[in-house]
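Asks: One-letter residues, chain by chain:
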Amino acid sequence: MGSVTSIVEKRNQASKTPKRNTGRVASSSERRRHRMLEIAASWLLAGPALVLLIVLFFLPVLGVFAIALTDWQFGASSLAFVGLSNFREVFADEGFRVSLANTILYVLIVVPGTIILGLVIALLIESGKSCRAFYRAVHFLPFMATLTAMAIAWEALLHPTIGLVNQTLAALGIPTANWLRDEATVLPVLAVIGIWQNLGYAMVLFLAGLKSIPRDLYDAADIDGADAWLDRLRTVTLPMLGPVTMFVFIVVALKAFETFDTVQVLTQGGPGHSSEMLLFTLYRESFEYLRTGYGASVAVVFLFIVVALTLIQACVMDKRVHYQ
Amino acid sequence: MSSIDFHEIEKSYGATPILKKVSLSIADGEFLTLLGPSGCGKSTLLRILAGLELQNAGTVLIGGRVVDGVRPKKRDAAMVFQSYALYPHMTVADNMSLPLRMRRLNAWQRLPLIGRLLPGTRGASQEIAAEVARTAEALGIDHLLTRKPGHLSGGQRQRVAVGRAMVRHPAVFLMDEPLSNLDAKLRVQMRAEIKELHQRLGVTFVYVTHDQAEAMTLSDRVAVMLDGELLQVAPPQEIYADPDDRRVAEFIGSPKINMIEGVVSAPGRVSVAGTTIASDIRADVGAHLTLGIRPEAFRLGAYSERGAISGTVRLIEHMGSDLYVHLDVAGVKQPVVARLLAERAASISIGHSLSLSVEPERVLYFGDDGRRIRAHDKPAKAAAALVRETA
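One line per chain: the protein sequences are A and B, in this order. Take 1 as the starting number for the first sequence in our numbering and just add one per residue. Take 1 as the starting number for the second sequence in our numbering and just add one per residue.
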């Protein structure tokens, strides 16, 4: 029996081997052709986006880098390579340092303020039963509106004598201030406007995040004894909102770093340099003083800060926030 | 003591009634399964028992104590969810220790950093950790304590969920379809483990499922629910062999019970599918009945040469030890399914005619309203099973 089966096996192997070889040759050339087609198709599909990305993003960034190394003035017909002297000047400049400090302070107020208030409003809307759509819309409106137009409305509200804010405060017997002309109040006031504007966006994202929390988790928390509102918040809501919070954090921080409209419309960086922020400095140096080379180096510094911030946030929070 | 009593529980969502006056008593230490198709209200009943939902009317008692309005954590009932509902940001150890932390530490002691410095926290925390470790060891998940649920397999998650329920020694265990997210093989294994767990802990288990195999294998008693009503509460064998209601008979058993229309043709005679069956039910002549015959109640032809349900073989399903034969019978809408021994396969082929007979005492009679009509006396064994109508 054994010998018979072994003979059969051998014959089978013998008959199979050459066949398999020819099969492989035929299929490998076909496979190579298939692969080439696939590669061509992928380049064809990604091509338009790639071209746009290079033309509209990478080339301008490279251009900015190049300009930052020259003493070019906007409109001038000649320029000279000056190396890193623009950057040296930027960091030695008292005005830039104030602008950077203002920006960081502004971000430190706006980001936590937006996240906390946005979350609180989202929780309130979610826990209430009536008029949800109305509350959502009302809080989201500022984000939809043009900030420049809204800034003018704020200017009217904050007017030292006829503004609604001061009139209300005076009527209540609370001391008033010249909000936008006082060094002590101007930056916090701009930050409040920043929070007001981004609040709706954060709220909508948090509402979506709250909706996606499985109900079972709250049930489990109830049964496990974590049924007080603070315990529910700590055990289920806040941890489950982690990914959304990270996203809101990044978006709001980037938006806060880029604040320009309110400064331009309301304060022009004043009084003194007390409300000057990075993007405004960049604009003023490049397009008002026409020191394009210097402005470009501010832009490079700005770019580094924003990219570094994004990378740090992505790296640090990615690990802690995603569960599955 | 942890007996459970439902007294006329009613629940509706808007105008849709979910539970219609459900009353049920569960003994201390019993394993009771609520069985029914999805949407029958079984999960709602369990959630009312857990305190996660409030009934519109009626009373729930746990251990003789009325628990209406008592918060879930005060009911001494632990629950395992279909989705396991593990906290994804916590390790297995944290998941399992949460119920104990919530009960034994006060709000200050639970604070992240300050809590550890308060008197008593350390001792209590060590005790909790030790208990969690003990429970984890008993469930064979002690090597997983530092992992997060996202890194566990379905079966491991299921064990963690059971562990989280077990760790605080509840008087009542509630399980809401705990096995339905597992693959078939694991389901059978976990089924056995849950059975063992019940025997080991000896506490009351209330188990919700739509899977009759789970209900039949696990339970001391099965409560069959349909459309918000309890149809029958009985031990598994009784539910299968002696159903009270046509819907219970149809829901339990695979393949499904054969339901064949019949008419009482004479006292003690029911005519069905071209034959007459001897019967001792008391029904008026001319009354319409439905006969329920389990597939395994059929015998291949030979029981009585004279009388048999005959039809054409339509389909044969080989199931290993058994053979499911589908038969087209004149005057019966659905094909009649018979479960025969596999050895008979050789004598059966598709398209050929086949005769089946049935022992009269294995025929279940249902009235027009779906209720069971029971014989008042034991049927005489000697009576011929099937008698041709002409006889």
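Be careful, since some hints might not be right.
Derived BS3-like pairs: lysine-lysine, alpha-carbon spacing no greater than 27 Å straight-line [as the list claims (entries may be wrong)]:
| # | chain 1 | residue 1 | chain 2 | residue 2 |
| --- | --- | --- | --- | --- |
| 1 | A | K255 | A | K211 |
| 2 | A | K129 | B | K73 |
| 3 | B | K185 | B | K73 |
| 4 | B | K185 | B | K195 |
| 5 | B | K256 | B | K73 |
| 6 | A | K211 | A | K129 |
| 7 | B | K74 | B | K21 |
| 8 | A | K211 | B | K73 |
| 9 | A | K211 | B | K195 |
These aren't lab readings, by the way, just hints derived from the structure by calculation.
Asks: All the hints need checking, so say for each whether the structure fits it.
Replies: Status of the hints after comparison with the structure:
1. K255(A) x K211(A): Holds: K255(A) and K211(A) sit about 25 Å apart, inside 27 Å.
2. K129(A) x K73(B): holds (26 Å)
3. K185(B) x K73(B): At roughly 34 Å apart (the allowed maximum being 27 Å), K73(B) and K185(B) break the hint.
4. K185(B) x K195(B): holds (16 Å)
5. K256(B) x K73(B): violated (41 Å)
6. K211(A) x K129(A): Distance ~14 Å between K211(A) and K129(A) Cα, so the pair holds.
7. K74(B) x K21(B): holds (25 Å)
8. K211(A) x K73(B): holds (25 Å)
9. K211(A) x K195(B): Answer violated: K211(A) to K195(B) is near 36 Å, above 27 Å.
In summary, the numbered hints that this structure violates are 3, 5, 9.
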